[in-house]
Each structure stands twice: as structure tokens, then as C-alpha cells.
Amino acid sequence: MKWYQSRSLVIGAALSALFVLAALVSLVWTPFNYETLDIPNKLQRPGSLHWFGTDHFGRDIFSMIMAGARISLAVAVLAVGIGMGIGVPLGLWAAARSGGWLDEFIMRGNDLVFAFPSLVIAILITATFGPGAVNAIIAIGIFNIPVFARLTRGAALGLWERDFILAARVASKSRLRISVEHVLPNITSLLIVQGTISSALASWPRPVSPTSGSGRSRRAKLGPDAGRCADARHPCFASGAHPRPSHRGDRAGPQPDGRRLARSDGPAHPGGAPMTLLAVENLSVDIHGTPVLRDVGLTLDKGQIVALTGESGSGKSMTSLSIMGLLPQGATARGRVLLEGVDLLTRTEPQLCALRGRAMGMIFQEPMTALNPVHSIGRQVAETIRIHTALPRAEAREQAAAMLDRVGLPAHRFALSRFPHELSGGQRQRVGLAMAIALRPRLLIADEPTTALDVTTQAQILDLLQGLVADFGMGLLLITHDLAVVSQIADRIVVMQKGAVVEHGATRALLAEQRHPYSRMLIGAARVG
Amino acid sequence: MNLAPRPAAVPLLSVTGVARDYIHRTGLFGRATRFRALQDVTFTLHRGERLGLVGESGCGKSTLTRALLGLDPVQEGSITLDGAPVFTDHHANTAVRRRMQVVFQDPYGSFNPRHRVDRLITEPFHLLDHPPQGRARAAAVAEALEAVGMAASDAEKFIHEFSGGQRQRIAIARALIIKPDVIVFDEAVSALDVSVRAQVLDLLADLCRRTPLSYLFVSHDLSVVRSVTDRVMVMQAGRIVEAGPTEAVLTAPTHPYTRALIAAAPVLPDPQRPPHEPASAP
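Same order as they appear, the protein sequences are chains Z and F. Numbered according to the numbering used here, the first sequence spans residues 994 to 1522. Numbered according to the numbering used here, the second sequence spans residues 7 to 288.
No lab work stands behind these hints, which were simulated from the structure alone. This one's a predicted model, so the numbers in the text were calculated from it and none came from an experiment. Positions of the beta carbon are idealized from the N, C-alpha and C atoms, including for glycine. Hints are not guaranteed to be accurate.
[Said to hold, decoys possible] Cross-link-like lysine-lysine pairs, in silico, BS3-like; alpha carbons within 30 Å at most:
(1) F:K185 with F:K163
(2) Z:K1491 with F:K185
(3) Z:K1166 with F:K185
[What the hints assert, rightly or not] Non-contacting residues of chain F with respect to chain Z, defined by C-beta distances greater than 10 Å in every case (computed):
(4) A25
(5) D46
(6) T50
(7) D112
(8) G115
(9) R143
(10) A145
(11) D199
(12) A254
(13) T260
Taking the hints into account, I'd like the entire structure generated from these sequences.
As C-alpha cells, then:
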């Protein structure tokens, strides 16, 4: 997309250009002299002569705005320029020497500026150098330095851990050079946003009074930290109960008894034949008109493990998201997804929300993304329970402890007060699992649950999954690209390629003989690897 | 997979009695405690040898890799390449470093998204005193890309235009471009799909047949190591607990930890043999 095709960019650029133009033109021409008092014509309405009217002293408001734009612009550009020009290099330097005395020195210096009341500094500067726009600019600029230094350091620290920086270090590039070549280009978008906010705040106050001007920078100070803490991860997401504006909400189907689904706990069909838990029939999904799934069909019985396999991009995850009703915006689904005979595709978002977590749970590849890093594991599991039931806090906590115990994290060794970062990858996956099965869902979807783990941990998690399926009588849909992983525990295998099911069958039969060339290739690859 | 035959043993990379400590401080005035991540690690990588290193996460593989590359100092022991230390007074030894390259695990994180492929893979040129310029540089880029099965014209593209497997090929091209003596593959195929992984491993075997490479292949997955190494070391809690020819270690492991690792690795059941237990499919 060319830049002029972006509507918001064009409108924004036009407004900014108008502002700059007004400031520039005011240097040579304004409709009236903005300082000339004209008391008889005070408080005039906007009209052909005075476009924006006049003020209490009869001065032309439009002329004043044009002249004022000049000062506002200067303050914005220069104050942010000072902040960025000094703050960004300081932040980059601190990040490159992270943990060293230089880092400490720079950051504690920043804290000093932060801690010092901005009003006092502004008064100090004004008292020393006299009032005026230049001094206001300097004062605001000084307060912008730590804002940019902190922002830059925070963003740069994250980058220093990345492999491409490591690769540059292996190439013996100096820290300075890496900062300029690799770190800076990758944080520009962040700096541009902060710069825009800071300049807006800097130019906001009338710069005639430096005190009010510098006071603004205090507000700007909130910028970087507030932004960084924003976290979309919600504890209920691990159980799939993620509220999401529905594209389906407006065509609600008949209102069935959602409760029947949610309540029938455990083996609800005593003595009966194994009932089909999940049936996906002719499921086709388009995203903005591009087909991503074509006529996908699969069935899953209670207590059964079905592996859904294929390469990345084959539609495995899209199938699981369709089942959970978590398709991305712009996606439309056709066909039927029957969970115990009820078509999920016709459910409204609130109905689905009640089902997720209760009737179906989900665990993901990277357990850390499903856990909230600032909440303890006990709290996260308990919260999942409390979202769906009216249990009192203490009881929910008790249940959470029992559930964590069931997944192999007994409370005497793994206190409920532990945080996700204090656990290993396998232990985090166990927490994710505890959240997903806390309400004993009858369908569990595991999306590459062991791909991020090493072999021994993988074996333990697979073992645990198998045990849970047997104990709870759940149906497990196991999504993986690695056939070897599932060959030991899956009852049936469904092979997908390019959004369609190309082969399915009982595990042993499918491994013994593959009819489709793609399955043959996939199994061949697993044998070589 | 067929690797080329191994040439006669000439020591290239020597690791002797290496120990690496991390210092933990608990609380503001808490006492600093030492955590020994590597203990008495000793091995030799010979010229033309393909050496594997396996162990679970947290066993010290990455710590060893970082020490080998001269990114971190070690507290005891020495790491030398052809007799020259990789780390000398607080800095990595540039003369040694230009003879070593690395391929990282994450095909998405190991490239600067803002640079084009041609700039990305020529980064190691920074190590050379007289890096090729102009036409020679373009020729080197084309040669490296073609060696890994990519097109010379890919040099103009950005990294986001490539799939995970292609990115890992580009990472290998970056490692090959200065023709290093030793390449360290740090979990280089762990993030790839099985079929893509097989292609990358094929590429590696293919490269070995064309030019003798010496490398250390670090992985948590024994089955991967099996196909691309002559010799393998098994690491547990910072120590090397077993080492030997790959096939011998994998078929007749002596250390219990190796046996546990092998038992944990999932394998496709052999369809020729009758099943031990009937599958519970309806």
C-alpha cells in the first residue's frame, strides 16, 4: 500500500501541514496585528472580517492562533528534540551496558529528575534565567529526557536478548554499532509514538508561562510505563473463555438449553454406547473471501484421543479455533460443528463463552502466553473456576489446589503462591492444563501442547494427558505436526493438507498403510527425523 | 542419511575442564549463591568431525554454546581453537571468532526484521579485516545462498518474505559465508516442522558431502542428532555423562540418563511388528 492510500495518514498529514503552514505564514502575514488592541470591536462574532471573531480586547483571534502556532510548534519540536536527542542515546547506552555501573548511573540519574518536583525545576529555571519561551522549552525538554531514556532502555533490553543481536555479537560488532544498526531501527516505531504524544503534551499549554508548560511533562512521564503494562492476557483465556466481539452474534440461532451441555458432568451415558462427543461436518471457513478450510470432517468420541496432524499452514489450528468459536475477525464458517449434538456454529457469543471452559477447554503450545505473568498460579486456576461458577473464593482456591495436584503440581512442593516465571516450561504447561480442565470439560483441545518442551518433559505431559482422558472420560483433540508424538497415544489420526482432510483412520492402520501421498511424505519425514 | 566419511583426527576445538558459575542474589541483602551451570566439561572437536550434544533444557547446553562462542567468560578451564583461546581479557578473541559461526534455534528471532537478506547474511564479514566489496561481495552472497538451495535473487528480499525452513537455510548461509572452521548449531532445527526439519537435515548432509564441515550440533532431540553427527555427547546437570560414536551411544547407552532420554523420545511404531497392545480405536 502506498502512503497516500492510507486515509488516516493523509488526513493527519494534511492537518499537520495546515498547522505548520499557519505558523510559517504568520511570520510574514496575519490578517490583523495580533497584539493591536481594538476595544470598540471586542467580543465580535466570527465573520467575514474577523474569521474567528475577537477577544475581550478586540484582538483578532485567528491572527493570535496563527502566531501562537509558531510558539507551540517551536516548543513541541525543540522540547521533544532535547528529550529524544539526549534521552534516546542514554537509554541505548544503558541497555547496552545493562547491569553495569554505567546503567545504574544513568538510570538513577533519571530517577533523580523524575523524583524532583517539576514545578520547582521550572520555577528555578525561570528564576535564574527569567521567563520566556526558550526557558520553557528547556524545562520541558529536561523532563522529557528520562521519559525517552526509560522507554528506550526498556525496549532495547528486550531486543538485546534476541538471537539476531547475539548473531551480531558473534560477528564481533561493538555494542555501539549494534545499538545503532540493530537496536535503534527496531524501536523507532515506539519512539515515534512517544515523540508524538510528548510533543502534543508539550505544545498543549500556552508557552507564555513556563510553569504550566513544564508541569505537563509530568503527565508525559506516565506514557511508556502505562503502555508497556497493557496486557491482553486474561486468566480466563486458557480455558478459552475469552470475550470477543462476535461476527456471529447478529444471527443467533434457536435458543437451546445451553445448560444441558454445561452440566452433564463425567460419564453421562451410563451403560450406553460410546456417544459421539464432537462431530465436525463439512466445515468450510473463509477469511475475507480466501478459503482456509474446505469441507473438513472429523468425529471424536468420549474418552478418545484424536490427533489432527499436518504441516504448519495446513489448517489444523484453524479447525480448532472454529470448534472453540474463536475464529479471527472477518472469518465466516459454514457447515456444522456438533458438540453432543448441538451445533456450535449457531451459538451466540455469550452462549459460546459459557461453553468454553465448562464444556470445552484448550491448551496451547507456549504455556507462558496462556498464563498471566503477574498473577500466582493458584489465583489463575481459581479465577478460571470462579468465572464459570458462583463458588466462594476459598472453595475455588481449594478446588484449584486439587486440580493442580491432579496435574502433578502438589501444593506442598508447588505453593499456590508461585508465579509462572518460577516454573519450568513443563510445569507451566501443567498449570495451563489445570486451568483448562478445572471445570472438567468434556472436550479438551490441545494445540501443539508439547512442541515447546524437550523430550523427557514431553513424554511426561503426554502421559498426563492420557491419564486425564481416561479419568475424566474427556475427548481429546490433539493437534501436532509431529506424528511420532501422537502415534503412542492417539486412537485415530486425521491428516490435513491445505485446509482439507486428506486421510483419516485408526492410528495403527494409518501408520501401516497410507493411501494419500501426503500422509506418506509426512510419515516418511517423521521416520527420518 | 549418509554423511561423508570422516577425515583423520586433527584436534580443532579443545574444551578442557570448563566450569561456568552464575551468581544468584536473593533479596536486597541476601547472600550471593553460586550456581554451577557447567562442571568440568572436557571434549575435543576434531577437524571434519560432526559432534552432537544432547540433554534436556536447563542442562547447560546453551551455557556451553555461549562460552564456546566467546560470548561469556568461563570461571575454570580453557576453550581453545587451534590452540588460541576464544576469550581473552574480557573480550572475545576476534582472530578466533572469525573462524566460528553459529546457527540459532528461532528462525523468526535470529534476523533483524529491518534488513534485507543480503545485509543479513554478510554480517560475519564484519569479522574480516578486508571484507569483499562490490562484485566480489555480491558473488559471495550468491554463492552462500545457492549453497543452501536458495536463489541469488533472494538477497534483495526482506526476511519476513520467507518461511521458517527458508529462514533456517538463510541462517546457514550466514554461517557459511566466511567459510568458518567450526559451526555451532544451537537447536537449529528444533523449531521446524518434521518435514521441513528433514529437508534442513538433508541440506546439512549434502553440504558435508561437498565441503568437509566441522560442527557441534546441539539439540534436545536424539533422533535429530542421529542423522547428522559422527559422535555424540550427552549432558546432564552441567556434566557430560556419556560420549561416544553416535550409533553406539544410541543403540547401546551405558548411562541411565541416556537410556531415559532414548526411552522418552517418541518413535513411530514399526507397522511390520504386531502391536504390543491393541489400539483402543473403535
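Broken hints, by number | As far as the earlier hints go, 2, 7, 8 and 11 are violated by this structure, in ascending order.
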